[in-house]
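Asker: Chains as they are written, first to last, in my numbering: chain L, 244 to 765; chain Z, 244 to 765; chain D, 14 to 259; chain X, 14 to 259.
Treat the hints loosely; a few may be bogus.
[Claimed, not checked] Distance windows between CB atoms, simulated: (1) D/D204 with X/D84: 53 to 59 Å; (2) D/K41 with Z/L369: 31 to 37 Å; (3) X/Y168 with L/T271: 44 to 50 Å; (4) Z/G732 with X/M14: 30 to 36 Å; (5) Z/I348 with D/D204: 39 to 45 Å; (6) Z/G732 with D/D140: 29 to 35 Å; (7) Z/P346 with D/E203: 39 to 45 Å; (8) Z/G732 with D/M14: 55 to 61 Å; (9) L/T544 with X/A167: 40 to 46 Å; (10) Z/D720 with D/K208: 36 to 42 Å; (11) D/R257 with Z/D720: 46 to 52 Å; (12) X/A167 with L/G745: 50 to 56 Å; (13) Z/D584 with D/K41: 43 to 49 Å.
[Claimed, not checked] Heads up, simulated BS3-like pairs for lysine-lysine below, C-alpha to C-alpha not over 30 Å straight-line: (14) X/K52 with D/K252; (15) Z/K388 with Z/K370; (16) L/K588 with Z/K247; (17) X/K87 with D/K221; (18) X/K171 with L/K721; (19) L/K670 with Z/K686; (20) X/K137 with L/K734; (21) L/K588 with L/K267; (22) L/K550 with Z/K370; (23) D/K52 with Z/K730; (24) L/K588 with Z/K370; (25) L/K312 with L/K721; (26) D/K52 with X/K52; (27) D/K252 with D/K52; (28) Z/K730 with Z/K247; (29) L/K734 with L/K247; (30) X/K78 with D/K87; (31) X/K52 with X/K87.
If you're looking for bench data, these hints aren't it; they were derived computationally from the structure. Positions of the beta carbon are idealized from the N, C-alpha and C atoms, including for glycine.
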Amino acid sequence: MESKLGLSAKRIAQCRNRANEIVKPVQTYIRKHTTDSVERATLRLLGADLINSDGIPVPNIIVDQLKDKIQDGVAQFYINALLKLNCTPGELNRKIAEGLRIPEIEMVDKKYIEEKGRELVQEFSLKVKKHRVFRQEQILRAAIKQPSPLLYVIVATGNIYEDVKQARAAAEQGADVIAVIRTTAQSLLDYVPYGPTTEGFGGTYATQENFRIMRKALDETGAEVGRYIRLVNYASGLCMPEIAAMGALERLDMMLNDSMYGILFRDINMYRTFVDQHFSRMINSFAEIVINTGEDNYLTTSDAYEKAYTVTASQLINESFARASGMPEKLMGLGHAFEMDPSIKNGFLFELAQAQMAREIFPHAPLKYMPPTKYMTGDIFRGYAMNTLFNFIAKATNQGILLLGMLTEAIHTPFMQDRFLAITNAKYVMNNMGDLLSDMEFKTDGIMQNRAQDVLCQTESFLEEVQGKGLFDAVEDKMFADISRPKNGGKGFGGVYEKSEGYWNPIEDYLMKELNIMVEVK
Amino acid sequence: MESKLGLSAKRIAQCRNRANEIVKPVQTYIRKHTTDSVERATLRLLGADLINSDGIPVPNIIVDQLKDKIQDGVAQFYINALLKLNCTPGELNRKIAEGLRIPEIEMVDKKYIEEKGRELVQEFSLKVKKHRVFRQEQILRAAIKQPSPLLYVIVATGNIYEDVKQARAAAEQGADVIAVIRTTAQSLLDYVPYGPTTEGFGGTYATQENFRIMRKALDETGAEVGRYIRLVNYASGLCMPEIAAMGALERLDMMLNDSMYGILFRDINMYRTFVDQHFSRMINSFAEIVINTGEDNYLTTSDAYEKAYTVTASQLINESFARASGMPEKLMGLGHAFEMDPSIKNGFLFELAQAQMAREIFPHAPLKYMPPTKYMTGDIFRGYAMNTLFNFIAKATNQGILLLGMLTEAIHTPFMQDRFLAITNAKYVMNNMGDLLSDMEFKTDGIMQNRAQDVLCQTESFLEEVQGKGLFDAVEDKMFADISRPKNGGKGFGGVYEKSEGYWNPIEDYLMKELNIMVEVK
Amino acid sequence: MMIKAYGDTLNDGAVQLSFTLPVAAGPKADEAARIYMGKLGFEECEVVHSNPLSQDFTFFVAYGKSSASLDFSKVVVKEVETTMDFNEVNRFIKENLKRKIVVVGACTGSDAHTVGIDAIMNMKGYDHHYGLERYPEIEAHNLGAQVANEDLIAYADKVQADAILVSQIVTQKEVHIHNMTNFIELMEAEDLRNKMVICAGGPRITNKMALEIGFDAGFGRGSYPEHVASFLAEKILEKERGDRNE
Amino acid sequence: MMIKAYGDTLNDGAVQLSFTLPVAAGPKADEAARIYMGKLGFEECEVVHSNPLSQDFTFFVAYGKSSASLDFSKVVVKEVETTMDFNEVNRFIKENLKRKIVVVGACTGSDAHTVGIDAIMNMKGYDHHYGLERYPEIEAHNLGAQVANEDLIAYADKVQADAILVSQIVTQKEVHIHNMTNFIELMEAEDLRNKMVICAGGPRITNKMALEIGFDAGFGRGSYPEHVASFLAEKILEKERGDRNE
Ligand code: B12
Ligand code: B12
Ligand SMILES: Cc1ncc(COP(=O)(O)O)c(C=O)c1O
Ligand SMILES: Cc1ncc(COP(=O)(O)O)c(C=O)c1O
């Protein structure tokens with residue numbers, strides 16, 4: 244495909260190459276480390292679940308019991324207990340919740356553990372593969388009813404049962420994707436809450452039961468309306484791998500999952516995040532869950548016109564990390580956003596250029612386009628007009644996933660009618676001007692071509708500088724989002740461990756094989 | 244200028260030629276006839292004014308008194324009375340209002356009448372020329388603050404004093420043009436109401452005093468905001484020439500004035516309208532008042548996609564009639580509208596093509612672009628989104644006068660905040676995507692080029708057919724707006740008169756000379 | 014069943030408002046807007062936006078919660094029954110009335126909006142629903158717009174109409190109410206009221222208010238020709254039967 | 014001076030509303046919406062639009078007129094006085110306080126929105142208004158977001174702050190009220206309340222409610238650094254003089 248924007252293919256390749264070089268040393272670090280959450284996710288995928296009477300989840304109890312053995316991988320101890328007590332994971336979970344201590348149990352021969360491991364991995368694998376097939380069938384069946392972009396809305400009442408009503412209504416109205424926003428600050432919890440929940444601030448707890456409740460509701464409504472309704476949740480945070488694991492088990496379809504969001508915007512330790520994002524992305528890759536990256540966040544803190552290149556740079560870094568987790572491009576919902584100051588002269592042209600550039604650099608990625616938020620005000624009418632132009636660009640540049648703007652963005656989490664108004668706006672615009680950009684050409688050396696080319700150049704210099712410093716130092720040096728994060732600071736640093744020589748993780752082994760992830764030999 | 248739409252210059256010239264051929268025989272008819280309203284307008288321009296105790300305007304009283312002498316032109320009788328009674332027009336008007344009968348007054352020598360006529364015409368001419376100079380100065384001074392398109396809003400409370408509040412507020416908000424909508428069915432009154440009025444349905448009576456009140460208010464607010472605020476009213480109807488006359492005297496800046504609107508949409512007799520529109524347009528031409536034609540009306544009754552060519556055809560006919568009244572292109576606010584069903588796939592492209600086509604066919608006319616009305620519903624939010632796309636096209640195709648859509652179009656005449664929301668929407672869109680179309684090109688043989696070329700072909704065949712039948716028969720045959728109007732039916736037919744050999748009208752003579760209108764010799 | 018407005022939680026009573034106050038913008042205006050919402054009966058009032066409209070007016074967007082509720086099970090709508098489609102109506106007339114019915118329609122008074130009455134009566138109809146002129150069992154006369162009530166009634170009398178359709182679009186200063194009331198008075202004065210079925214229609218017309226004024230039915234936004242046609246057919250039959258029994 | 018909402022005529026009381034009712038769409042829902050508007054106290058209620066949101070919910074747009082009015086002359090706003098600009102504030106501090114003032118700010122509790130507090134405090138400021146860090150006479154410490162009240166207070170105590178700035182953006186379930194109340198309680202428990210000037214800010218914060226909770230001032234949407242700076246300078250001076258007089 245020729246570039247409508249006159250972007251140099253060579254320069255794009257150079258940028259991509261630099262991103263790969265930036266990611267390489269980080270991958271080396273990742274390969275050698277595990278974290279609390281990687282271990283808990285592994286346990287969950289093998290069958291660990293439930294909470295104790297204090298509300299502490301069994302995976303956390305196990306990892307806490309095994310603090311001094313984590314570098315060897317905790318899976319073997321859980322499997323050992325299953326073998327020794329000769330019980331199902333369900334029974335074992337109950338016992339652990341009631342106080343059973345795993346480290347005290349005598350170890351059986353490693354080969355039995357490996358054998359049982361294979362069996363449990365097999366169960367996990369079958370379950371996920373069934374989900375994959377089911378999803379593919381559903382998507383295929385509804386394909387003509389769900390053209391690109393998919394219409395994505397959020398629900399955020401804090402109460403899963405209220406969320407269900409809102410989500411069903413949205414699906415009836417035409418939404419293709421429902422994201423259940425998480426409650427404020429769940430990303431900072433070092434455990435995953437349990438059961439159905441009805442109390443959250445600005446969002447609903449991500450719990451496996453909540454996933455199940457919503458999945459069921461959306462499947463039902465989807466069957467009624469003859470479309471497959473995608474379900475989304477948020478992995479980012481201290482439990483990134485675990486939430487990915489839960490998503491894989493409950494057939495979520497998309498997962499917020501950025502390689503650096505937690506570091507920059509949640510002050511989570513960088514080593515922790517890098518290791519976690521890799522493991523969680525392997526799970527997503529295997530489960531064919533589309534990730535959504537968080538480039539929009541750069542633009543809510545920095546200026547969208549000045550710092551447009553940070554979005555492109557981050558997309559390339561996210562892509563490179565994703566590829567290192569075995570992820571095909573079609574699962575990379577790379578993010579960007581319509582966040583320029585609406586009072587900028589010709590701002591529309593700059594937004595259009597940026598969106599088209601993303602489309603051209605990542606031709607097969609289902610780009611996730613985020614609506615105006617920062618410049619939304621209490622003037623819901625003006626906001627509605629801004630959303631109209633946003634929808635316009637989304638369709639014109641063929642974005643894959645369209646997070647619909649809410650006219651009440653500056654006021655409250657969406658009311659039921661806000662979502663409806665967003666959906667009708669998007670449908671109107673998309674139908675009414677669907678073929679506009681294929682009916683027009685960008686003027687050579689015009690405002691838009693020049694803008695895109697400039698941003699690409701800035702991206703290249705920026706990546707070059709990051710490469711020079713190395714990613715860890717670059718983050719410390721405030722190069723991303725004007726935020727400095729110390730290498731050894733931030734939340735969750737205590738939960739990062741160097742793997743021992745004998746580290747064993749059957750889930751990781753399996754995923755790496757399935758995903759053809761090669762580990763380069765030193 | 245090369246056609247962005249690939250329109251054939253030759254075909255455009257052919258269309259224009261056909262329109263001229265259509266208009267020619269009508270002009271022949273016009274030249275030979277006068278009407279009640281042409282005579283009343285002439286009287287007004289010479290100084291006739293006031294009403295009697297029954298509320299009948301003096302110009303009407305005079306014309307009624309002279310019913311049997313109209314074919315000679317009533318001006319001479321009014322001037323004669325001035326001479327014989329040796330009084331000012333003001334004094335004479337009072338006497339007539341009190342019962343004085345003009346026909347009874349003995350006639351003085353024609354040469355004195357002609358001399359006095361020259362004097363009165365001179366007064367009229369000076370007044371109007373002063374208005375022209377003032378307006379030009381004001382416009383020049385504010386030019387950078389009032390880029391194209393001018394933002395045009397309506398006020399329609401029915402009460403001139405309430406209208407003033409609304410208009411001032413709109414001007415403060417950024418409106419450049421204020422149209423005072425007329426009360427329902429004023430167009431069917433065969434006289435012009437008098438004085439300030441506070442009772443109207445869906446609009447405010449057009450009276451000379453109301454013109455004055457609003458003109459003063461807008462001049463004041465204009466001075467405060469440093470912009471020249473244009474004032475608009477509606478000429479169309481049985482009093483077309485008189486309202487034009489009042490507009491010229493009170494420095495209105497634009498006038499709704501279509502060559503066929505009254506015939507088709509108000510069932511006014513066609514001969515009456517043709518004669519009236521010519522006279523009123525001569526006044527507008529001389530007073531440098533921009534006319535607004537009414538092509539939008541075709542699209543509220545017929546389908547905008549199917550009947551787009553009727554708009555283009557009507558624009559060409561309006562242009563030809565206007566030129567025959569001595570009007571330069573810069574005063575031709577030819578109309579068109581964004582009225583396609585919003586559910587049409589790619590409807591935006593068709594609207595864009597149509598607007599761009601109008602721009603290319605009439606490169607120097609300040610095209611007047613009308614907003615969606617027919618498909619507006621009580622969903623004010625959806626309506627706001629439609630208005631956003633409408634504003635987009637207006638700016639993209641460089642329309643001259645933008646009548647702003649109201650989000651409450653389907654509900655009520657505008658509330659004060661409705662106008663504000665319309666203005667902020669337009670300003671946002673125009674600033675945000677101002678240079679889009681100059682940064683892009685239409686794809687050769689794309690959807691839009693093909694659409695425009697098709698509509699132009701349809702226009703040509705349509706004009707050819709009209710030319711074949713002659714305009715009078717074409718109207719009778721339902722060729723315009725699917726409406727049939729019989730030649731000798733409709734309102735106001737009784738007020739059309741063949742001019743006698745000795746017909747004398749000093750205003751007409753003066754205007755024809757000033758405007759360089761040549762009468763072709765048979 | 015008591016209901017309240019719904020924002021994002023059952024019975025939260027959340028409502029969006031926008032309005033203008035005739036005061037200059039500023040913190041005092043904002044506070045006035047908040048108080049005003051209180052006067053309107055709202056709680057948890059949030060004035061989320063304010064903007065000067067001029068030196069003397071300010072526009073507000075606000076959200077509030079109301080404890081007002083209503084019993085949905087007690088809501089009664091006297092809806093017009095609209096059961097039959099094009100073919101059914103024609104069959105019904107043929108079988109039951111055994112003659113064509115004559116319908117005269119117009120947009121009355123100073124109201125010049127023909128599109129609504131045309132949508133109901135014209136051959137080509139509206140939104141893919143044929144108009145009355147296309148019904149083989151209906152003889153439809155569409156007199157267009159700006160028809161005086163007197164002229165409409167005289168015409169209907171002349172063609173011995175079974176029904177009259179009155180369209181009213183402009184509603185400012187309640188002009189439609191006056192027009193419609195005047196129409197009923199004239200019908201009664203002419204002693205024709207009980208001889209014909211009379212219906213009104215228009216975007217602001219409801220069945221309820223049409224009945225109150227003295228019409229047999231009222232049709233609002235989104236009406237289609239078959240709604241009117243089936244109502245007319247049944248109502249005319251009912252009338253004939255009534256008349257026969259008297 | 015009694016005022017009402019203004020549509021297009023003084024005192025017409027016209028208001029636009031939109032809301033959702035938890036009922037299936039249809040004429041009965043429309044009628045319910047009309048009745049609901051009546052319950053809200055509106056007259057001449059027009060439900061101009063209705064749309065199903067799902068099988069059980071319907072959205073309405075409506076206009077109504079209210080006879081409610083309020084006396085504008087009685088509206089009282091305790092606005093924060095904001096008289097000085099950047100240079101004036103610095104001069105004021107230099108001349109009157111004769112020392113730098115120390116200000117500590119944070120977005121507290123689980124609230125992670127830094128942009129608002131940054132707008133007030135950061136060097137580069139907001140919308141071309143320099144932030145407090147740029148003021149030569151102010152020593153500003155911005156602790157960022159998600160700072161526990163305890164930590165913020167301990168830090169302020171440590172640096173002997175003259176003032177604390179608390180930002181609260183998330184307001185769901187009144188979480189900001191709880192946070193702010195808790196902050197005041199802790200300040201009192203630590204016996205620091207009267208030692209420092211404390212201000213709150215955020216898009217849903219008003220001066221009125223901040224005062225009610227026990228803050229010295231509250232700053233809402235559209236606040237600029239100089240507003241806070243001039244309030245702080247004057248308030249701190251007032252405090253010092255008060256303290257000296259005791
Ligand atoms: C098109 C239009 C015009 C055209 C009319 C062309 C024509 N030949 O009809 C023109 C440009 C001439 C016009 C003029 C004016 N208009 Co106008 N117009 C409209 C517009 C944009 C669309 C109306 C329409 O065609 N709707 C489509 C039809 C199909 O819908 P409908 O009429 O509601 O009909 C349906 C139902 O109501 C029902 N129905 C209607 N009648 C009947 C009758 C029966 C018996 C039955 C069973 C059913 C039925 O069935 C129909 C199909 O479902 C509306 C705004 C809007 N979007 O609604 C303003 C609007 C109606 N006009 C308005 C006004 C004020 C005027 C003017 C008075 C302005 C002026 N001062 O000059 C003039 C004067 C007209 C006059 N003397 O009456 C106002 C009315 C405000 C009010 N509530 O009072 C509106 C709402 C615009 C506005 N916001 O100001 N208008
Ligand atoms: C940017 C943003 C984010 C960013 C924040 C990035 C960052 N580093 O700050 C991210 C993406 C991280 C985010 C996350 C969330 N957000 Co947020 N976010 C926004 C957004 C889009 C803009 C806020 C903003 O930056 N405004 C610009 C600044 C300059 O304005 P301001 O904050 O009002 O500050 C001004 C004044 O209020 C005042 N001020 C503010 N603080 C102070 C303090 C003092 C002392 C003074 C004097 C003045 C003052 O001065 C400033 C300048 O005038 C708003 C929507 C909107 N358009 O308002 C939503 C919004 C605030 N977020 C919201 C929510 C719910 C969340 C989440 C909780 C969602 C979730 N469940 O995950 C999360 C979690 C965050 C958390 N734990 O708190 C809701 C809050 C709803 C409510 N009323 O409770 C909003 C309104 C969006 C919505 N409609 O749902 N968000
Ligand atoms: C990539 C990513 N993850 C997660 C989140 C939100 O999660 P939390 O606020 O719980 O950290 C966001 C929100 O913007 C995001 O962009
Ligand atoms: C050209 C023209 N004249 C006049 C009018 C309205 O005037 P009236 O309704 O009084 O005939 C319109 C309204 O659409 C118009 O387009």
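Asker: Could you tell me which of the hints above the structure violates, numbers in ascending order?
Answerer: 2, 3, 4, 5, 9, 12, 14, 17, 21, 22, 23, 24, 25, 27, 28, 29
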